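S.K.: Residues per chain, in single letters:
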Amino acid sequence: MNPHTLLPEPPPMVALEPPEDPRRDRSGRARCSGQPLGLYIHIPFCLERCPYCDFNTYAGLDHLFEPYVDALVAELQGWAQALGHPRVDTVFLGGGTPTVLPSRLLARILESVAQAYRLEPGCEITSEANPGTGDRPRFAALRSLGINRLSMGAQSFQAHELRFLGRGHGPEDVVRAFRAARAAGFENINLDFIFGLPEQAPEDWADTLDQALALAPEHLSLYSLMVEPHTPLFHWVQRGRVSPPDDDRAAWLYEMALDRLEGAGYIQYEISNWARTHQAQGDPAAQPTYACRHNLHYWRNEEYLGVGAGACGHLCRGAPPLAWRPEALHGIRWENHRPVAGYIRRIQDRGHAVRTQDPISPAMAMAESMMLGLRLVREGVSRERFARRHSRGLDQVYGAPIAELEQEGLVEWVGDCLRLTRRGLLLGNRVAMAFLPD
Amino acid sequence: MDLNHIRNICIIAHIDHGKSTLADRLLQITGTVTEREMKEQLLDSMELEREKGVTIKASAVRMIHRWQGEEYAIHLIDTPGHVDFTYEVRRALQACEGAILVVDATQGIQAQTMAHLFAALEQDLVILPVINKIDLPAAMPDDVAQEIEELLGVPGEEIPRISAKTGHNVEQVLERVIQEVPPPQGRPDAPLQALVFDCQYDPYKGVIAYVRVFNGRVQGTPRMQAMGTGREMEPLEVGVLTPAMVPTHRLGTGEVGYIATGLKTVQDLDVGDTITLAENPAPEPLPGYEPMKPMVFAGLYPSNPDDYEDLRDALEKLQLNDAALVYEPEVSQALGYGFRLGFLGLFHMEIVQERLEREYGLDVIFTAPSVAYRVIRTDGTELLIRSPAELPEPTQIDHIQEPWCRVHIFTPAEYIGPIMDLVTKRRGEVKNQNWLDSKRVELVYEMPLAEILVDFYNELKARTRGYASMDYELSGYRPSDLVKLDILVNGQPVDALSVIVHRQDAYRKGQKLVSRMKEIIPRQLFEVPIQAAIGNKVISRANVKALRKDVLAKCYGGDVTRKRKLLERQKAGKKRMKMVGSVEIPQEAFMSVLRLGDED
Ligand SMILES: Nc1nc2c(ncn2[C@@H]2O[C@H](COP(=O)(O)OP(=O)(O)O)[C@@H](O)[C@H]2O)c(=O)[nH]1
Ligand code: SF4
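As you go down the protein sequences, you meet chains A and B in turn.
Residue 94 in the numbering used here sits at position 64 of the first sequence, with consecutive numbering throughout.
Residue 324 in the numbering used here sits at position 223 of the second sequence, with consecutive numbering throughout.
The set of hints was computed from the structure by calculation and includes no laboratory data.
Every value quoted in this text rests on a predicted model; they were computed, and no experiment measured them.
All C-beta atoms, glycine included, are put in the ideal place defined by N, C-alpha and C.
Check each hint, because a few of them may be wrong.
[Claimed, not checked] Short, incomplete list of chain B residues facing chain A, as computed with Cβ under 7 Å:
(1) ARG649
(2) GLY659
(3) LYS672
[What the hints assert, rightly or not] Part of the chain B face toward chain A, derived, beta carbon under 8 Å:
(4) MET393
(5) PRO395
(6) THR662
(7) GLU669
Bound conformation, chain A alone:
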């Protein structure tokens, strides 16, 4: 025993080399439950790398666009076959910056989706987009491909903040791109913003929020700046060139946003997400009309496929009415190989690019339901949904930690639903940790 290995490493993910076909369980049956899936498609390309970003994305790989899309199509078809052409009710093109791909290639991807999967009526199809890379004809082209939701990385309305974040666009580009998207027919648009920049002035943040609200997008995502290892920002902070983001300040800016957005009629449905709604506000747990349905799959601990370099997926057996069997109890999460060229090669060689598989025990699945579900600040985790998903009573499994968190004022019961309190919103990690196995 070495006294210096202080932090225990988490147990290694099960890396199978070559991986077993993750698309089937041990009896060779397709692993999905029959509910409509979410489908995430990763586009690992950007015009430039932003200094704070640790996503799996690369600049300057234009020559791989074509072979990458070939690989994506092959992977999409492989999964579809393995799972028996499952139903899909959300598609999300994320990245990276999907809109760096020419429309022709985006069209190929979406066509193969439509061919291989049974798209549900009203299927939500989102693409991320960069305010710098879109004009009206371009947005119109996206719209005509069937994309019906746009998520734009606006990040800020302050020129100096955008410069600090290394974004190629200015505040006016956001407004221009937003108007162009509207004019091209997008009726469901999200804007992403980042807060908690080092020394960020509250007036600047207030102004950013006001300008965002003035555009009246259907959806807003507000993320706090995190200093991720291996990013330029991390090194700046380490060398003292940039002061580290201050949690107290971020908390304050966040609370500022809570008030402003609520005042403007936006409904917060997740820790970082707000949306407008058409419904009357009767049911406090109901999701707003423009909640991102794709992300709801994640937070509800439901199934989704992830295709593309570094994409993650989740399939679970056991949602009734399917029969319970021991081997069926284990869900699975997996991650694809991250580097683009390696991803392409693996797809060509063996049809899939799974790098790590993480079997999800029933206990872990329950913990994940809590960790994810409690992020949905309105819906929370309901006794009824929990019991349906896990066949165990919520109070029976987590009575003790819930009582403790209640006492700390971090969670509360609203009817049948366990939810974060306003205080718990900012301490979500504390709450989630309480449900993880020791």
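With the hints as your guide, set chain B with the ligands onto chain A.
M.R.: Relative to chain A, chain B with the ligands alone:
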């Protein structure tokens, strides 16, 4: 062997002045061990160490040397190398008639040399100074000879100048030993009196007593008795050390050898005790015996409560050959189950700590060391306490006494100022200032032992660019205005953080501890007040602000696994902290009491 052909000697030297090298050379010249054997033996004992987890070192060796046609048995007795073992050093000296004083020709006399030298003089040993390392270009043998002459009155030109490394003049040292060190005296027909000057545990033979026979002799393995403790033993064998143990079935008057006592642990036999025959005991023991008295105490806890058993096993093993180490179970509200350890002194404590971590791979928490205080209760009774937690209610205390010690510091003259400053800050009193020559001085202080416990030595080294050396010995108990300083976290006193301090330092130390805790304790869900208090009186206070934000408010797509692992790691980190009430306190907080330096 008749008494006239026996010499019993030891070597006194400051660390690194060449004691081991000289000993090796003597062994070689006398043919006791060849160079090859020396290497092999080193390997052997290391292997044994690896196998059994114990260290075997010969602490005495018999050398046979021919001089002027006659054979002499010269017993070389090893003295423990550092200051906490003054008592053992004295017992080893007691077993000798003479001592070789080795002084490094490039450095001159240092503190340890002096301390041991005075002890040797007290025992009336004949001192044979030698100046070592004269092969080095930086050697200043004449200056050093001058220094020694002033100190001992030995004419400088008569002092052998040697190189233990090359062997130059070492033969001459042996001749001087035979000529100048008197042979032992003693009555072969008197009842046995054998002084135990060291004792070690051997995995095959049990406890080995290293003895010097003063009177009488050992013949075979009759039943014996340790006179100080009254413990009887049935020895397995007796013999001499060459340095390997060679059974001889007899040990004569004046001789040095070993007795395999048949005892199971070193705690059963004290260094300094006298072994006699059970049937025909000596009327009284040899002088000088004192039972082991640990002076410094500290709590020891496993970082991970699951390691408690491992820690106990490790302590048991350590104790096999460290008779000075004592421990007993202790329970702390804050740290759970652990032990209270007693040490001879600070250096001894460091050795134990290092061995636990290095040899046993244990991750442990030491609480701040404490000396043994003597509490005089209002009813006149006396209580010896070894931990702040044992202090009675203030109303029951008439006064408290703390151990003081006499500290000898040897330093180049230019550092007198900084040393004075350090010592007076720590309640030291100047006793004496002896100039060794125009550049170097011995400073003698009286200081509370508690004040040299924490970081004094490092501080001394820092202030003198490493030039000063020190030694200390206990000089007795003195009444003192002491108070218990408690640290309250979230209103609750944390027992493992309490310290006993002098009233005049309480405020400063309290403030410092509080601000240190404030840095170390991570933000919790609620604001956590940290207070330093004496009794009910809070003397310092700070708050750890409540945790405002701890949430992943980041776009992370479907990568649930990575996010979950992040949280799992965060949770594991939390688990490593000690829960005190509802507050998580990291381990380093308990150590920070140790780092209350003078400056910062
Ligand atoms: N040049 C030289 N080095 C020596 C001499 N004697 C000892 N040393 C070196 O001094 C260092 C300390 O010697 P050692 O015998 O271990 O000292 P101890 O701590 O007193 O036992 C070692 O590196 C030896 O090699 C000598 O006569 N000449
Ligand atoms: S555009 Fe988005 S995905 Fe690309 S580098 Fe910047 S932040 Fe990362």
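S.K.: Does each hint fit the structure? Answer for all of them.
M.R.: Tested hints:
1. ARG649: 4 Å, holds
2. GLY659: For B/GLY659, the interface hint holds, since the closest Cβ of chain A sits about 5 Å away, which is under 7 Å.
3. LYS672: 5 Å, holds
4. MET393: 29 Å, violated
5. PRO395: Nearest chain A Cβ about 25 Å off; hint violated.
6. THR662: Cβ of B/THR662 sits 5 Å from chain A, so the hint holds.
7. GLU669: 5 Å, holds
Consistency note: the structure conflicts with the earlier hints numbered 4 and 5.
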